[in-house]
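Number of protein chains: 2
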Amino acid sequence: MSQRLDVTFILTLAPGESAEEKALGIALEQTVELGADVVSDDIRERMVGHIDALEALDGNRYRAVISYSPATIGNELTQCLNLLFGNISLKQGMRIVDIRWPQALLDSFGGPRHGIAGLREICGVAQGPLLCSALKPMGMSADQLAERAYQFALGGVHIIKDDHGVADQPDAPFDERLARCQAAIARANAETGGDSLYFPNVTAGFRELPRRLEAAKRAGCRGVLINPWVTGLDAMRWARDEFGLALMAHPALTGAYFGAEHGIAPELLLGDLFRVAGADASIYPNTGGRFGFTVETCEAINHHLRRELGGLLPAFPTPGGGMDVKRAPEWIRRYGPDTIVLIGGSLYAQGDLAAASRALKEALAIA
Amino acid sequence: MSQRLDVTFILTLAPGESAEEKALGIALEQTVELGADVVSDDIRERMVGHIDALEALDGNRYRAVISYSPATIGNELTQCLNLLFGNISLKQGMRIVDIRWPQALLDSFGGPRHGIAGLREICGVAQGPLLCSALKPMGMSADQLAERAYQFALGGVHIIKDDHGVADQPDAPFDERLARCQAAIARANAETGGDSLYFPNVTAGFRELPRRLEAAKRAGCRGVLINPWVTGLDAMRWARDEFGLALMAHPALTGAYFGAEHGIAPELLLGDLFRVAGADASIYPNTGGRFGFTVETCEAINHHLRRELGGLLPAFPTPGGGMDVKRAPEWIRRYGPDTIVLIGGSLYAQGDLAAASRALKEALAIA
Chain A
161 MSQRLDVTFI LTLAPGESAE EKALGIALEQ TVELGADVVS DDIRERMVGH IDALEALDGN
221 RYRAVISYSP ATIGNELTQC LNLLFGNISL KQGMRIVDIR WPQALLDSFG GPRHGIAGLR
281 EICGVAQGPL LCSALKPMGM SADQLAERAY QFALGGVHII KDDHGVADQP DAPFDERLAR
341 CQAAIARANA ETGGDSLYFP NVTAGFRELP RRLEAAKRAG CRGVLINPWV TGLDAMRWAR
401 DEFGLALMAH PALTGAYFGA EHGIAPELLL GDLFRVAGAD ASIYPNTGGR FGFTVETCEA
461 INHHLRRELG GLLPAFPTPG GGMDVKRAPE WIRRYGPDTI VLIGGSLYAQ GDLAAASRAL
521 KEALAIA
Chain B
161 MSQRLDVTFI LTLAPGESAE EKALGIALEQ TVELGADVVS DDIRERMVGH IDALEALDGN
221 RYRAVISYSP ATIGNELTQC LNLLFGNISL KQGMRIVDIR WPQALLDSFG GPRHGIAGLR
281 EICGVAQGPL LCSALKPMGM SADQLAERAY QFALGGVHII KDDHGVADQP DAPFDERLAR
341 CQAAIARANA ETGGDSLYFP NVTAGFRELP RRLEAAKRAG CRGVLINPWV TGLDAMRWAR
401 DEFGLALMAH PALTGAYFGA EHGIAPELLL GDLFRVAGAD ASIYPNTGGR FGFTVETCEA
461 INHHLRRELG GLLPAFPTPG GGMDVKRAPE WIRRYGPDTI VLIGGSLYAQ GDLAAASRAL
521 KEALAIA
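Note that the protein sequences, when read in sequence, are chains A and B. Numbering of the first sequence is given in this note's numbering, commencing with residue 161 and proceeding in unit increments. Numbering of the second sequence is given in this note's numbering, commencing with residue 161 and proceeding in unit increments.
Hint data in this document are derived by calculation from the structure and do not stem from the laboratory. Hints may be right or wrong, so weigh each one.
A pair holds if it fits inside one copy or across any two, identical chains being indistinguishable in the list.
As the list claims (entries may be wrong) - No more than 25 Å apart at the CA atoms, straight line, and that leaves these computed lysine to any residue pairs for SDA-like:
{"#": "1", "residue 1": "377", "residue 2": "367"}
{"#": "2", "residue 1": "377", "residue 2": "349"}
{"#": "3", "residue 1": "251", "residue 2": "419"}
{"#": "4", "residue 1": "251", "residue 2": "172"}
{"#": "5", "residue 1": "377", "residue 2": "463"}
{"#": "6", "residue 1": "251", "residue 2": "459"}
{"#": "7", "residue 1": "377", "residue 2": "281"}
{"#": "8", "residue 1": "486", "residue 2": "449"}
{"#": "9", "residue 1": "521", "residue 2": "255"}
{"#": "10", "residue 1": "251", "residue 2": "457"}
{"#": "11", "residue 1": "251", "residue 2": "447"}
{"#": "12", "residue 1": "377", "residue 2": "303"}
{"#": "13", "residue 1": "251", "residue 2": "463"}
{"#": "14", "residue 1": "521", "residue 2": "283"}
{"#": "15", "residue 1": "377", "residue 2": "352"}
{"#": "16", "residue 1": "486", "residue 2": "197"}
{"#": "17", "residue 1": "251", "residue 2": "494"}
{"#": "18", "residue 1": "251", "residue 2": "177"}
{"#": "19", "residue 1": "377", "residue 2": "486"}
{"#": "20", "residue 1": "521", "residue 2": "485"}
{"#": "21", "residue 1": "251", "residue 2": "213"}
{"#": "22", "residue 1": "251", "residue 2": "455"}
{"#": "23", "residue 1": "377", "residue 2": "448"}
{"#": "24", "residue 1": "251", "residue 2": "170"}
{"#": "25", "residue 1": "251", "residue 2": "421"}
{"#": "26", "residue 1": "377", "residue 2": "185"}
Whenever a hint applies, use it, and build me the whole structure from the sequences.
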């Protein structure tokens, strides 16, 4: 494994642009932020990104590999994000399609605390896919959402999470919702002998996030939902270290990076970055639902969450966003059993949540 | 002022899409995340976004105004961000071009603590533009950066900030750099009788950010640089409340939202959002530099930072990113005196930083 951070870009040239200049522009912009003529030879060699490869593809596209010294990062996830795409986010035609991580950075960032095996243990499900659903819609009272949680738990849904937009609105304030939903699921578990879990959405501001995590832990929750691009990615990593709860990450706000010619490939952002920052499960919009990912993108995300990566634990792919009950078995066949199936609307549409959940589990052949 | 959050979108329709469905899709996706048929009349009326206007523009483009109830937000900046663009970031052809803020949200978010007048007072500059430069490149030692800070201060640069990629790398660790640069500027101020200020870059992870802010305050700094999209936007607001330092916000990572057909207009993200979250100054890439903003976009950002907005203090536009000393006077004539001129590379290229800074101040007719 390289000691450097190797970043592969697809460059799309505008008329008049040269590939060499565009690649060098990235290497300078993301490090010294000065023209090559203003930096010393020493700084240029040590700090400016190295252009390790540059090859023409079809049309006006080039593939460039730019590697960065660990000295440009200093072990901080925040500076790593900035180095990857901070200033060049403001440019055009630069898409990150591969990252090769130096072991030291992976060791420093740490990855999932529980991972696939750990989350299976928490859920008491040794094999096969996990089933997840979401408590919604916003506007319901805490009691109403808790009743839905109860029904999902009766139906044997493994992880019952808040919808990611259910935060601390007046209809169902966080503390009240936490208490009600956690109690409802405990009641259902007592009736069924099951182990359904409630993952409250702790996404909140800088002062409030720790308090919600603390409250979730005190209430007996084993995991939480978080929108890391809203809280700042490092907040998730911090939550991992500080609270030990399982972390299910939601992709809110990240879609802007998924441009065809400019941005960060979804499998790197929702795969690598979320995983190195501690996500035990990463939600993404499944193909064929309400969003536009291709099946190849979904499989790439799955791969990046599960692949060998410097000894980091693998994380659960969690396709959702309009997953249809009818097609869920097909997706599991395709994606494999180490997958969390996130289905909300398609269960709600059936009315009886417990029955719908049970039927889905049967269709998925989940014990 | 409306009680609701009014968001204007330009919708770009893909073949086969209808404007009505696309607008309704946003209104549902960003709130209840369920099909219209699965939510009760009560929830639909109270929580789903209202489509207040929908009109055809040229070609396949439509203008839609969608308003959201405060009940969908609950006063949290994190949920506000999610409501604005969380899930729909993952879609296509939805660009936010205007936001009308309800007074209650503005009161809750609070805006700049110092604003233009306060930052002028901190800098001791009652009128005319402020001059800012950046300490770089990364790879220099703390002493070397401090020497540059000293030269800039001798030249009368008002705000001398860390480059936004200078974080806590081994060549110039934060604490050492803070001490050295702050001392260097104090020494220059003692020699010149000036009031130059050092704004260290405090951008860091969740655990470390408070410590850096505390260290900056203890060292006597009056302000700091922060990359709010890296730390999480609410971290900046929290820093405002907790430390009282002036906040200069950097746009790292935000460029991905500035797509022509999908995203958030720069004047809303770097203008409104940064301002409501507490930025006293907002850095943006000036037109004609290394980035691609038009002069109209720059002027829109200036306007959004300075305009009347529910009693919030105005914030300083801070054009940078390849500003040329030669053209700086022209930009100030165009943008007006309530502007911070951020110039780095164009001063470094001249070698003698003190002399170059003095010459620039003369050209700008700054006392």
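Numbered hints the structure breaks, given as an ascending list: The structure breaks hints 5, 9, 19, 23 and 26; every other hint is satisfied.
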